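Trainee: Next come the chains, spelled out residue by residue.
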Amino acid sequence: MARTGPGYAAKRTLVWLGVVFALLALLLGGGSLWSNASWAPKLALDLEGGTQMILAPQVQGGSEEITPEQLDQAVEIIRQRVDGSGVAEAEISTQSGQNVIVALPGIPEPETRELIQASAQMEFRPVLIGGPGLAPAAETPTPEDQLPTPSAEPTDASDPNWITAELLQEFESTDCTSPEALQPAVEPAPADQPMVACEPDTQGKYILGPVEVRGTEIESADYGMARSAQGQTLNEWVVNIDFNDEGTETFREVTERLFAIGSGDPRNQFAIVLDGVIVSAPTTNAVIPDGRPQISGSFTEESAAALAEQLKYGALPISFEIQSEQQISATLGADQLRLGLIAGVIGLVLVAVYSIFQYRMLGLVTIASLVVAGVLTYLAICILGWTENYRLSLAGVAGLIVAIGQTADSFIVYFERIRDELRDGRGLVPAVENGWRRAKRTVLASKAMNLLAAVVLYFVAVGNVRGFAFTLGLTAIADLVVVFLFTHPVMRLLAMTRFFGEGHRWSGLDPSRLGVLPLYRGAGRVRHKPVERPAVELRGRNKAAAGEAERRMTIAERRLAEQQKAAEEQKTVSAQARGTEEGDNR
Amino acid sequence: MSRFSFAEFGNELYSGKRSYPFVGKRNLWFAIAGAAILLSLLVPVIKGGFNLGIDFRGGSEFTVSNVQDTSVGAGEQAVTDVVPEAVPRVTNIAPETMRIQTERLSDDQTLSVRDALIGAYSVTEEDVTSNFVGPTWGEDVSRQAIIGLIVFVALAAGLMAIYFRTWKMSVAAMAALVVVMVTSAGIYSLSDFEVTPSAVIGFLTILSYSLYDTVVVFDKIRENTADLEVSSKRTFGEQVNLAVNQTLVRSINTSVVAVLPVAAILFIGAMLLGAGTLRDLSLALFVGIIIGTLTTVFVAAPMYAKLRMNEPDIRKQEKRVMHRRSLEAGEAGEAQEAGTAPA
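Protein sequences appear in the order of chains V and L.
Here the first sequence is numbered in our numbering, starting from 78 and rising by one per residue.
Here the second sequence is numbered in our numbering, starting from 507 and rising by one per residue.
Hints are computed from structural coordinates only; laboratory data are not their basis.
Be aware that a few hints might be false.
What the hints assert, rightly or not - The calculated DSS-like cross-link candidates involving lysine-lysine, where the alpha carbons are at most 30 angstroms apart (straight line), are:
| hint | chain 1 | residue 1 | chain 2 | residue 2 |
| --- | --- | --- | --- | --- |
| 1 | L | LYS822 | L | LYS739 |
| 2 | L | LYS531 | L | LYS822 |
| 3 | L | LYS531 | L | LYS739 |
| 4 | V | LYS517 | L | LYS674 |
| 5 | L | LYS553 | V | LYS517 |
| 6 | L | LYS825 | V | LYS517 |
| 7 | L | LYS523 | L | LYS674 |
| 8 | L | LYS553 | L | LYS674 |
| 9 | L | LYS523 | V | LYS517 |
| 10 | L | LYS812 | L | LYS553 |
| 11 | V | LYS88 | V | LYS389 |
| 12 | L | LYS523 | L | LYS739 |
Just so it is clear, the structure is predicted and the values come from calculations on it, not from any experiment.
Whenever a hint applies, use it, and build me the whole structure from the sequences.
Mentor: What follows is the structure, given as structure tokens:
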């Protein structure tokens, strides 16, 4: 086998393409065997049915604009709420740096909808009764006659007089191991009333007094390693809170009171409550006059980070306004998908018919390339669906169909360049090489434009049109892969066949149709006189400047043309010699 | 030539035997483009703006599919039974599909209207979809679209200027882009199709297509005009014109191939799907692809030629060409006298 020449290179490239396909297929196959990958693309809500809500987060009392960090927190808040409400496969994402999109299968319960919209409420309440590990409902409720009857109006938030008979009964019947009890509350408990709450981490159960400090009074929160009095870093994770002036004042009063109660009593603790669920219930070890408490305990880095994050929510009470809500029945989506696919197939057939009409057998190369591009895109969509949870939406399908035309254009550019080279009188093998060199540039430059548009669209897109931009970009990349790794090598190989090389009239590269008959002597080995291109172009000039003189050249030009011709001929002959040799070896 | 053949058509264009005066008659093309722009600006004014979709007005929308009886009254009745003061817009958007739009309803009202529609059209719960859009949603879409437009145009212009190493190509491409945008919008307004977010995104996609097409043609122009300093065969304008002619077959084939799938969506969509993502996108694309190809050939390339024609170097080269031609015309004249004139 010849180890050089376009034929060898072409075969090697095709092998590489095969390797790429095999790897993608193996990846997906492995994924479907050992993971949850599927051979079918995941469908977006508009095709599968479900509800999509677009929420605009609103910071209460804050600045107008939402920062990316706040938006991320907003997503985190909603994710916790939706996951907590037990909706499977909900998808929460941000969009254009300002909205949050929640996509839920089916129609959400009104409670879920309210939960999503509700603003995050963080509050600090003193503990009245309770502690960790009191999770299940009490087996023997306190007998009627022993139920507490408040003797007086409570004087402060830690006053046991808050505990009424109903409250104690509620406390005893609450099961903090049940998922329902750990769900974020839809309706926030009244701030001036006591409440029963659970702490998921320790399965603690508490009765809490009225709100004393609000989350909005937190300036900031972070976490880090504890430091000793000497400033040495201790091997213990802590969470630091920084209150604002008002918070500092109240928190000082609270810690004074709680610290005075003394350790051992549950009322020495206060609870940090987020959406009705206790995030942490630390005991008070000191009076904090400077508004900078530090929570220590058995934190890991992760749990410390999580608590600090949650405390930041408190500083940022985000609520959400539903901007658009769409309920899509699966039937409508399925109809649209079916018709969309039919339209795609019809479009593909029309393109195929047109390319065969235009390019004869080369049209088959176009169709084969489109099929390869299609398979590549399909594999990519399935793999992205598995790894990135990419879902194909109706707009995405539209993008795929539109891409048929844009992908076919690369081949048209390439074929036209080959034809141009043939028109200049080159043989097919050099025409394919030269045409490729020129077409490559054009294809790369123009695809860059497509990709740029897809990327810009993707980042600014609103609604489900993101899917459109995504498939547009994906197919642009697939197109490049196919043109480089499939169409070009296939053309190189075809150029060496008799059918194409001799310019069969159905090959689409029939020299007589391309106006090079006098220069062509058949037999696949074209011993034509490659004419320097401008010399040919010379004949055809703008009609407006008619005049036979154009056909003639100055002496200097003629010399230059002859030199170029000679140089070109040398190149062409050597290229053909290779081609011939390889043809023989085949 | 017994019958019209694209390959032969291409040969003649390539060699220059057949040539269309894209550059030569540029003022005519510019005038036509200008008139198209003017008309496109006038149409929405006369018609009183665009037919804005619910996304821009805000409100609730229900779609009922698999409907046997497509009477408008049933839908109106269903809505007014629940919300007496509502003024529903009921449309039969496709066979077996009704669309009911109202002003914004509350969650409870939405559920009740859905139930009423299930009864009114005797369909199942599966067949009714509801959709609620806040009034700010459309503003968001428009704002994002404008941001997208600016970012894309700026990046694309920069990219083209770097790739072609001349800002004049960018300017010419952008001029064509303006024509594409304005006339597409004009046609959209004339067709009275609803302006939805999908249509807006369709417009952004057109921009990409238009620039893509322009880059392909400009690449050929760049190639043809690369050796301008040493060549005296054609003037700059003639070289540009030849490039456009040489890529004409490609331009035609490309736009046909690009338009075919879009047309398939559009016609299937318009007949069977009714209003929706697919139809809205495809109308914008259908119009935009055709106009995009036309403007590349008739506006972008001639504009580029016009922008550069007054450069001193180009002028000098043109003089050289003219000088050579007059010399050769003299020679040819002598030859003719000698009776050896070429046919």
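Trainee: Does each hint fit the structure? Answer for all of them.
Mentor: Outcome of the hint check:
Restraint check: the Cα-Cα separation between L:LYS822 and L:LYS739 comes to about 13 angstroms, which is no more than 30 angstroms; the hinted pair holds. Restraint check: the Cα-Cα separation between L:LYS531 and L:LYS822 comes to about 22 angstroms, which is no more than 30 angstroms; the hinted pair holds. Taking the CA atoms of L:LYS531 and L:LYS739, the gap is near 20 angstroms; set against the 30 angstroms cutoff, the hint holds. Between V:LYS517 and L:LYS674, the direct Cα distance comes to roughly 23 angstroms. Compliance with the 30 angstroms bound is thereby established for this hinted pair.
This hinted pair does not check out: L:LYS553 and V:LYS517 have alpha carbons roughly 47 angstroms apart, beyond 30 angstroms. Between L:LYS825 and V:LYS517 the CA atoms are separated by roughly 35 angstroms; this puts the pair beyond 30 angstroms, and the hint is violated. For the hint pairing L:LYS523 with L:LYS674, the CA-to-CA distance comes to about 29 angstroms; that is within 30 angstroms, so the pair holds. This hinted pair does not check out: L:LYS553 and L:LYS674 have alpha carbons roughly 37 angstroms apart, beyond 30 angstroms.
Between L:LYS523 and V:LYS517 the CA atoms are separated by roughly 27 angstroms; this keeps the pair inside 30 angstroms, and the hint holds. Only pairs whose Cα atoms come within 30 angstroms are accepted, and L:LYS812 paired with L:LYS553 is rejected, the gap being roughly 36 angstroms. Of the supplied pair hints, the one linking V:LYS88 and V:LYS389 is violated, its CA atoms being roughly 60 angstroms apart against a limit of 30 angstroms. Straight-line distance between C-alpha atoms of L:LYS523 and L:LYS739 comes to about 15 angstroms, which keeps the hinted pair within the 30 angstroms bound.
Hint compliance for this structure: hints 5, 6, 8, 10, 11 are broken, all remaining hints hold.
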